[in-house]
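Each chain, letter by letter, is given below.
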Amino acid sequence: MLVKEVAEKLNLKLFSAPQGLEREVKGGYVSDLLSDVMGHAKEGQVWITLQTHKNIMAVATLKDLAAVILVKGFEPEADTLEASVSEGIPVLGSNLEAFELSGELFNMLK
Amino acid sequence: MIKADLHIHTVLSPCGDTEMTPAFIIKRAKECGLGIVGITDHNSTLQCLETKRIGEREGVFVLCGAEITTKEEVHVLAFVEDEEKLKKLQSYLCEHLPKIPNNVDFFGYQLVVNENEEVLEEERYLLINAINQTIEQVEQFVHSLGGIFIPAHIDKRQNSLLSQLGFFPPGLQVDAIEISGKTDLKEFISQNNYLKRFNFIKSSDAHIREDFGGTYSEFNIETPSFSAIKEALNSKIIKA
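Residue numbers (this note's numbering), protein chains in the order written: chain C, 1 to 110; chain P, 111 to 350.
There's no promise every hint is true.
[Unchecked claim] Not close to chain C: a few residues of chain P, all C-beta gaps over 10 angstroms, as computed:
#1 Asp127
#2 Glu141
#3 Lys198
#4 Cys204
#5 Arg234
#6 Lys349
[Stated by the list, open to error] Listed below are the simulated DSBU-like cross-link pairs for lysine-lysine, each with C-alpha atoms no more than 30 angstroms apart in a straight line:
#7 Lys63/C <-> Lys266/P
#8 Lys349/P <-> Lys42/C
#9 Lys197/P <-> Lys113/P
#10 Lys63/C <-> Lys42/C
#11 Lys197/P <-> Lys72/C
#12 Lys140/P <-> Lys195/P
#13 Lys140/P <-> Lys113/P
#14 Lys209/P <-> Lys113/P
#15 Lys137/P <-> Lys197/P
#16 Lys63/C <-> Lys4/C
#17 Lys306/P <-> Lys63/C
#18 Lys306/P <-> Lys340/P
#19 Lys72/C <-> Lys209/P
#20 Lys266/P <-> Lys296/P
#21 Lys140/P <-> Lys63/C
#22 Lys140/P <-> Lys349/P
#23 Lys198/P <-> Lys340/P
#24 Lys292/P <-> Lys349/P
[As the list claims (entries may be wrong)] To give a feel for the contact side, a few chain C residues facing chain P, derived at Cβ under 8 angstroms:
#25 Val30
#26 Leu33
#27 Leu34
#28 Gln51
#29 His53
#30 Asn55
#31 Lys63
These aren't lab readings, by the way, just hints derived from the structure by calculation. All C-beta atoms, glycine included, are put in the ideal place defined by N, C-alpha and C.
One chain only, chain P, in its complex shape (with noise of 0.2 angstroms):
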């Protein structure tokens, strides 16, 4: 079994701390067991790269990925391959995202750094807007990149598949689903019976230190792969 935490924030993110670094995240999930972990920033792809190279050194599989925002304002995450993949991501959620500056007094930073903590770039727009693609267009361009579609935090009354929609749209295609790491998996199916055929992850969604490291899923499989982890989204190889 693998210990994976797919739902972190890093100093990208306007309401992440400015400790959430790519050194750190690395660092701390190895003190933590974690062997897989998702980079997944509102809206934005720029943190994932570094953190891989130091997870590729330190033995973490890091998957590269965001948390986006949808038109519906449901926040999803998505993951994809390789570099070539997550470039194409990029690109889309910054043709999609809307124009708007980001008041750093109000949301804070937006910094993409390095693993000396040194700022390569700062983020100009506001990341935490939605950008202007529904839940399914955002699903099948991900799909269209042989990704991973996971409804982030269902769970919960503000920004999740259920707030927002009200149910699961039929037809929309998941890779799993999120739930929040403090919810009992087992009374929310009993509540949310039609949505028992999916699989179920559970992550920190950590903006802050203290929130990462002590909620994962773990992952029935030998070895990390972007492949592996896909797979075992879609079978019954996971635990919550």
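Chain C on its own, in the form it takes in the complex (with noise of 0.2 angstroms):
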């Protein structure tokens, strides 16, 4: 599945980088922690935060992730933005809360 029709089943708001809707999508990952998410999280993979800072698309780009979905409505901080634009990876946004969305896109992906 790609980015692209994940953005679109679960009605998510695109922030940045639309050339990377193209990208695949071969698994969730779910943290706040940047350190365990550079220690756990598997390229291919969407990531799902409330965090906005600028570090978490060094995260993304260290690990190749697909993207970024961002909960509760939460919106990215400008440099954060500015890095996914340069990098290439999209951040979403979602009004949902993590176990919620979380549960909509494992459903998609089984």
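With the hints as a guide, bring both chains together as one complex.
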């Protein structure tokens, strides 16, 4: 499944990097500790978090994640958006909480 | 060399023991030969001035500040020079702290006390929450007041810059970095080589009396003052 399809089905808001919508989604990871994501997320996963700091894009790049989804209506900081654009990894947003969003994504990908 | 412990909680922090009063902290600092103490309650500066007043009389230099929890839940130490700036820092914290009432049974009391251990004030809102400001916004605010900004216990697996943000964000301006008392600094730097350009301090992060007194950094300065401490933190004349 592509990021684009996930975004459509989950009704996500695209904040940045539309060129990354064609990236393939191989799974998901949910965590708000960046050190944990650096240690445990896998390439191609979408990352569900409430962290909006610019370091999330560095972690997403390092781990080659498909996209970052912010929960609960959170919005990225300005420098986070800049990094998303330059790395080509989209930042998406949902009004759902992480539990609900993860549940829906899990069902879509299983 | 002057011994300094820049990370001490008082009875104002919900997790701070009721014995951690301003009078006790100054008395114990003298007993342990600490010339400088930093008062750093969670997201509040309200216990600083009374401690400073007692410290001035007893010959212990008190740095006034707080341990701020940023939006990313990173703990950082912030200090400012005088009463006017401390008021500004306090207003900033009040403005950005979520208004969630403290549950005394669960978290403990949040009290401002005087030298005679009379309660002057009880903080209603839970102080251990994160304020709604990013680590960069906090850093810029503290430095706009000419203050000192130090990421706290950077090696810890909870509420540290490294646990929350993975690595040191480029562009963040710090006066020094704190590591936990029990951590070996050389080993830490060998694992995080890119941090070796920073100055490190060690502090107690004491919440209970037993933890206070044995952990400190040494400052190679003649007379303690805010500017001398800030300058020392930014040069290589401290020993963690």
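Each hint, compared with the structure:
The beta carbon of Asp127/P sits about 28 angstroms from the closest Cβ of chain C, which is more than 10 angstroms, so the claim that it is off the interface holds. In this structure Glu141/P is separated from chain C by more than 10 angstroms, as the shortest Cβ-Cβ distance comes to about 38 angstroms. No Cβ of chain C comes within 10 angstroms of the Cβ of Lys198/P; the nearest lies about 24 angstroms off, and the non-interface call holds. Chain C leaves Cys204/P outside its interface by the beta-carbon criterion, the shortest separation being 23 angstroms against a cut-off of 10 angstroms.
Non-interface status of Arg234/P relative to chain C is upheld: no Cβ of that chain comes within 10 angstroms, the nearest being about 26 angstroms off. No beta-carbon of chain C comes within 10 angstroms of the beta-carbon of Lys349/P; the shortest separation is about 28 angstroms. A distance of roughly 23 angstroms separates the Cα atoms of Lys63/C and Lys266/P; the hinted pair therefore holds under the 30 angstroms criterion. Simply put, Lys349/P and Lys42/C have alpha-carbon atoms about 40 angstroms apart, too far for the 30 angstroms limit, and the pair is violated.
For the hint linking Lys197/P to Lys113/P, the alpha-carbon distance of about 27 angstroms falls within 30 angstroms, and the restraint holds. The suggested pairing of Lys63/C with Lys42/C holds, with an alpha-carbon distance near 6 angstroms, which does not exceed 30 angstroms. With a C-alpha separation of about 34 angstroms, the suggested pair Lys197/P and Lys72/C falls outside the 30 angstroms cut-off, and the hint is violated. Distance hint between Lys140/P and Lys195/P is fulfilled; the C-alpha atoms sit about 27 angstroms from each other, no more than 30 angstroms.
The hinted pair formed by Lys140/P and Lys113/P meets the criterion: a straight-line CA distance of about 11 angstroms does not exceed 30 angstroms. The straight-line distance between the Cα atoms of Lys209/P and Lys113/P is roughly 37 angstroms, outside the 30 angstroms bound, and the hint therefore fails. Distance check on the hinted pair: Lys137/P and Lys197/P sit about 26 angstroms apart at the alpha-carbon level, within 30 angstroms; holds. This hinted pair checks out: Lys63/C and Lys4/C have alpha carbons roughly 20 angstroms apart, not beyond 30 angstroms.
Of the supplied pair hints, the one linking Lys306/P and Lys63/C holds, its CA atoms being roughly 25 angstroms apart against a limit of 30 angstroms. For the hint pairing Lys306/P with Lys340/P, the CA-to-CA distance comes to about 19 angstroms; that is within 30 angstroms, so the pair holds. Between Lys72/C and Lys209/P, the direct Cα distance comes to roughly 19 angstroms. Compliance with the 30 angstroms bound is thereby established for this hinted pair. The suggested pairing of Lys266/P with Lys296/P holds, with an alpha-carbon distance near 16 angstroms, which does not exceed 30 angstroms.
For the hint linking Lys140/P to Lys63/C, the alpha-carbon distance of about 50 angstroms lies beyond 30 angstroms, and the restraint is violated. Only pairs whose Cα atoms come within 30 angstroms are accepted, and Lys140/P paired with Lys349/P is accepted, the gap being roughly 20 angstroms. Simply put, Lys198/P and Lys340/P have alpha-carbon atoms about 19 angstroms apart, close enough for the 30 angstroms limit, and the pair holds. Distance hint between Lys292/P and Lys349/P is fulfilled; the C-alpha atoms sit about 15 angstroms from each other, no more than 30 angstroms.
Interface restraint check for Val30/C: the shortest CB-CB distance to chain P comes to about 16 angstroms, outside 8 angstroms, so the restraint is violated. Among the interface hints, the one on Leu33/C holds; its C-beta lies about 6 angstroms from the nearest C-beta in chain P, closer than the 8 angstroms criterion. Look at Leu34/C: its Cβ gets to within about 3 angstroms of chain P, closer than 8 angstroms, so that hint holds up. For Gln51/C, the interface hint holds, the least distance from its beta-carbon to any beta-carbon of chain P being 6 angstroms, beneath 8 angstroms.
Among the interface hints, the one on His53/C holds; its C-beta lies about 5 angstroms from the nearest C-beta in chain P, closer than the 8 angstroms criterion. Taken as an interface hint, Asn55/C checks out: its beta carbon lies about 5 angstroms from the nearest beta carbon of chain P, inside 8 angstroms. The closest approach between the C-beta of Lys63/C and any C-beta of chain P is roughly 10 angstroms, which is over the 8 angstroms cut-off, so the hint fails.
The structure fails to meet hints 8, 11, 14, 21, 25 and 31 from the earlier list, while all remaining hints are met.
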